[in-house]
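Protein chains in written order, with the numbering used here: chain Z, 27 to 346; chain S, 27 to 346; chain C, 27 to 346; chain V, 27 to 346.
Everything labelled a hint here was simulated from the structure, so no lab data went into it. Here the structure is a predicted model, which is why all the values come from computation and not from measurement. Please note that the accuracy of each hint is not assured.
One copy or two, it doesn't matter: identical chains are merged, so the pair holds either way.
To be verified - With a Cα cut of at most 25 Å, we get these calculated DSS-like pairs of lysine-lysine:
(1) Lys319 x Lys167
(2) Lys312 x Lys301
(3) Lys319 x Lys304
(4) Lys167 x Lys189
(5) Lys167 x Lys312
(6) Lys301 x Lys271
(7) Lys301 x Lys189
(8) Lys301 x Lys167
Number of protein chains: 4
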Amino acid sequence: MDSFGRIFRVSVFGESHGRGVGAVLDGVPDGIELEASDFRNDIDRRRPSGPAGSSRREEDVPEILSGLYEGHTTGAPLTIFFPNHNTESSDYQDFDALPRPGHADYVAAVKWDWNNDPRGGGHFSGRLTLPIVAAGTVAKKILDGMSFNTSLVELGGSQEREKWDEMIRSAAAEGDSLGGIVECVVDNVPIGLGEPFWDSVESLVSHAVFSIPGVRGIEFGDGFRSSAMKGSEHNDPFGPQGPIKNGSGGVNGGISNGAPLRFRVAVKPCSSISKPQKTYNFAKEKMDTLVVKGRHDLCFAMRVPVIVEAMTAIVLADLV
Amino acid sequence: MDSFGRIFRVSVFGESHGRGVGAVLDGVPDGIELEASDFRNDIDRRRPSGPAGSSRREEDVPEILSGLYEGHTTGAPLTIFFPNHNTESSDYQDFDALPRPGHADYVAAVKWDWNNDPRGGGHFSGRLTLPIVAAGTVAKKILDGMSFNTSLVELGGSQEREKWDEMIRSAAAEGDSLGGIVECVVDNVPIGLGEPFWDSVESLVSHAVFSIPGVRGIEFGDGFRSSAMKGSEHNDPFGPQGPIKNGSGGVNGGISNGAPLRFRVAVKPCSSISKPQKTYNFAKEKMDTLVVKGRHDLCFAMRVPVIVEAMTAIVLADLV
Amino acid sequence: MDSFGRIFRVSVFGESHGRGVGAVLDGVPDGIELEASDFRNDIDRRRPSGPAGSSRREEDVPEILSGLYEGHTTGAPLTIFFPNHNTESSDYQDFDALPRPGHADYVAAVKWDWNNDPRGGGHFSGRLTLPIVAAGTVAKKILDGMSFNTSLVELGGSQEREKWDEMIRSAAAEGDSLGGIVECVVDNVPIGLGEPFWDSVESLVSHAVFSIPGVRGIEFGDGFRSSAMKGSEHNDPFGPQGPIKNGSGGVNGGISNGAPLRFRVAVKPCSSISKPQKTYNFAKEKMDTLVVKGRHDLCFAMRVPVIVEAMTAIVLADLV
Amino acid sequence: MDSFGRIFRVSVFGESHGRGVGAVLDGVPDGIELEASDFRNDIDRRRPSGPAGSSRREEDVPEILSGLYEGHTTGAPLTIFFPNHNTESSDYQDFDALPRPGHADYVAAVKWDWNNDPRGGGHFSGRLTLPIVAAGTVAKKILDGMSFNTSLVELGGSQEREKWDEMIRSAAAEGDSLGGIVECVVDNVPIGLGEPFWDSVESLVSHAVFSIPGVRGIEFGDGFRSSAMKGSEHNDPFGPQGPIKNGSGGVNGGISNGAPLRFRVAVKPCSSISKPQKTYNFAKEKMDTLVVKGRHDLCFAMRVPVIVEAMTAIVLADLV
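Same shape as in the complex, but just chain Z (with noise of 0.2 Å):
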């Protein structure tokens, strides 16, 4: 279903080349200031940037549709809405015959006997996490306190930022594209978050980072790392300030313990690239060539950033 959260929800709607895309927050309290410029921040964070975004360019001012008076949220559901201007949709091809390699393409047709929009990913677009962000907006102004740093800490593997320029002009040249791994770290979180045995932290953060169209991966503290340690390495004792090494990334028992929530994200290259791509023509049943045109990220990873604390504050908006 579209929306997640039992206090405070969140629904999305919309496509990538409709009318618009939008988010319904259901369960924010009452009596926050809000306005529109509130959003900027976090949507100039997500916006593709240098020679590693698309070029596509939208506005992406928010109206907001219903749940404000007079400057304050009322308790009733905030709907946030982003119409589209910019969609070209002659830039997308017809994928009906030439699925595109990692793309939902195939299997949103499958599944809705051909009645989804295909234009621009339709309800599968990157697109549909904007209103994401700005979900995440309101629930960081309901976290008030909680302080969020989330970042890019890997670019094609590597962790060396100076590199990385260079790393992005390659691959445009060659037409292909570069995956990353995100870094969130969120301090003063209080202790007593997550509701086990299901709705454990890690648990309600998985579930809405692996939302983010591109996730592959998702650790917490040590991580995979922490599988070939031995106990005695990997305990993390208590010290008078809580936890002392945060080996286990602010969670015990799926319960937060005090000290900063920290993860790590594995973002996969994306998709669409233009280089030319072998895969199956069903039409002609038989392979084919596939030269993906339009606007697209040549590094998806570096907009997520935002995406996954935006993903992290609603949950936490929700747990709290």
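Take the given structure of chain Z and dock chains S, C and V to it, following the hints.
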């Protein structure tokens, strides 16, 4: 909340050292043949064995309290209960003052204001995974035709199985513990499972899997490695029989694509070790030494495959 | 929460005097033909008419913001929005000090700490039933084959329709309002809808119907009269074509039995009357006289049939 | 689904003639004192008594399977189980061919393809209300300060209590059954409970109450009578202490207004009567005569007050 799923819904209850542990399964189709012996195989796979397991031994024979009539499910809620027999509470120390590193003792006490059942981890015990395994058995009956293959593929950082026995013996001698990596592969998953935006296959599987105590990470298909690949390398062209490389682990855009569902789970080393640990004594307000007694696993990861498999089956049974 | 349903889920948003009102419909099957004119008939049935209606006139043309592609539903969330045009906020007095008897002014102000939108009832306005009616139109398309017959069967205590015009004129002259009883009959409901224990047909229908402002009671089949009958009198023997008398209103044990679903809904007289009323002035801390100005219905019950019908269709679409 | 509630959630399971009936309560706050004897009073109120009750006698002592530690709730799921002892299955005929009028025999058989447990109504038995009553006892502990007053106010159409004994004797002699009306009043409900648009107090209470077998109608405050009133007559002016007449039953716009919550419930006469009934024989494909044997209530309505009260407490505990 202690339930998971929308159509096939599993609720778990119980404590390690109380009357028992159990599950209520809602949405079980009627007419499925079921008897107590059907649970035997999966329960045996979960049982601690060899030098790596806890010395606790339970008969673990399920009592079916409701939902069954003349050997068939009725469509009404199916309740499965495992009474506790072998509970030596005296094994369990009072961890109030000296909470065990890596355990939920401390956060649970804060969250529930010291009213939680501290014996054996209470509602946080690994024993809660027993009704999960039983629910998985039922789920796999619903998923007739899919086949599950779940195993430990790495122990303590090593993929060489012939070394594992020695590694376990050595860790046992040191009073230490080991972690590992579990891989799950499901064949014959139909195309079209998954309900984006929020309920992608990865979202639901990760949600369920992170409910298992000790899980630190999850990755689908190429997982974290994909973040270092180029698009042309990671992309998964279609062949006449579907995706060729299955680097996406059987999921595109959150929806199953007909290729095997494939993911890996990182399990940390057990937190309970007999080796002395330095940690904070909240009563004395200074650092102290803790020696955890009682019966615990040396490598809980060895018991995790059947639990991961059960969680996956629960998710798929809800989606089908 | 502002959503209802498990499979076919309706969320409503908006305020009477804000940007507009709308609904997000989740779980709409793909491939249903839909265009704006499909909504016309039901919207017209809801429109105030004659001397009994409010003088507010809205065009009420729905904008479909998402979920539609080339005239067919896509399976993605369907968002329907009705912009507000004709909003005379000046009509609405400040009811903070002198809350209107029977209205939510007072409780809403207390609940949301005076942050609610007070204009025209805000999120409590009867205008929220407009997107409900639109959702009902979609639901009835899903329920192809069932037929709905919903009408006002009693007005101001009288079942004699020829007297109603005169009763309305007389109440209008007095500045007073009238209530009524609505009956809904649905034919061709398949056997087996309803999910006891908790989600009986009656439970879900009553849940939805009591969301309509001004509903005071609901009864199925023989309803309140059945409480005075003997079992031999009320019992509904089966004939070759199913239940003979349908005293149970088409439901046995919470599950549809193939007979027409039949229930009656009591609608109170509108609370907003122009006749002066004595009520408490919270500012002056003494009794005071209130005269409610603005445009209101004299008999909202006349507009309720299509809303009850929509609610019923929404419930059935979720169960099918 | 067999669970109800968002924060305080009740799941019921079991069959009349299986191992027993029970409930899992999720969201119970920790630290509530609870022992088996706390359930005694409410369970006794539900027990059939006098000539109007079924002759079935159960000890009905609850077993608490989880969620309790040293006499206090722990915050983990509370599981209450009532084993069945006194089950004479032989009492129950095979109703496959000759389904009982007014019962779920027929619809349940169709819905679950004849796999349902037919003994004693199976999962449809009135015995399922026993764990509901127990859940109500826990809910009322959560609602410390509110007071509940629920009673049968009308029997077989008569409000004159002194006549009831004679009416029951007479119906018993005829092998017939009686219905009644139950009124529930809750004092000290705080202002502001209820979550419109969808989860008004009336929506949630009616949803829960219509889960009780045999309920045919519900009305709040002036209820059906209000439909015949004028606005000036029905309106409920505020006095210094809140609403004066409470014609709205303690709810405005779906939200509690501080006045007592007040509603009435119509209960049909029991469907199981020993008087012979003409009904369809699906095996012989012609009308036939049914005589229902076994032990049943003559007037289940007499046992309903404590069940209605439990349902109301469950709803309020979820909203608080």
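- prompt: For the identical chains here, do Lys301 and Lys167 meet the 25 Å Cα criterion within one copy, between copies, both, or neither?
  reply: neither (43 Å within a copy, 45 Å between copies)
message: As a check of your reading, is Lys167 near Lys312 (CA-CA no more than 25 Å) within one copy, between copies, both or neither?
response: Intra 53 Å, inter 37 Å, cutoff 25 Å: neither.
field: Same-copy or cross-copy closeness of Lys319 to Lys304 [CA-CA at most 25 Å]
entry: within (15 Å within a copy, 60 Å between copies)
Within, between, both or neither, where Lys319 and Lys167 count as close if Cα-Cα is 25 Å or less: neither (39 Å within a copy, 38 Å between copies)
- request: First find the shortest C-alpha distance between Lys167 and Lys189 inside one copy, then the shortest across copies, and answer within, between, both or neither for a cut-off of 25 Å.
  value: neither (36 Å within a copy, 52 Å between copies)
message: I want to check one pair: Lys301 and Lys271. Are their C-alpha atoms no more than 25 Å apart within a copy, between two copies, both, or neither?
response: between (45 Å within a copy, 18 Å between copies)
- prompt: 25 Å Cα cut-off: does Lys301 pair with Lys189 within a copy, between copies, both or neither?
  reply: Result: close within a single copy only, 23 Å intra versus 45 Å inter.
- request: Check Lys312 against Lys301 for me: Cα-Cα at most 25 Å, and say if that holds within a copy, between copies, both or neither.
  value: within (20 Å within a copy, 62 Å between copies)
Violation of the numbered hints given earlier is confined to hints 1, 4, 5, 8; the remaining hints are satisfied by the structure.
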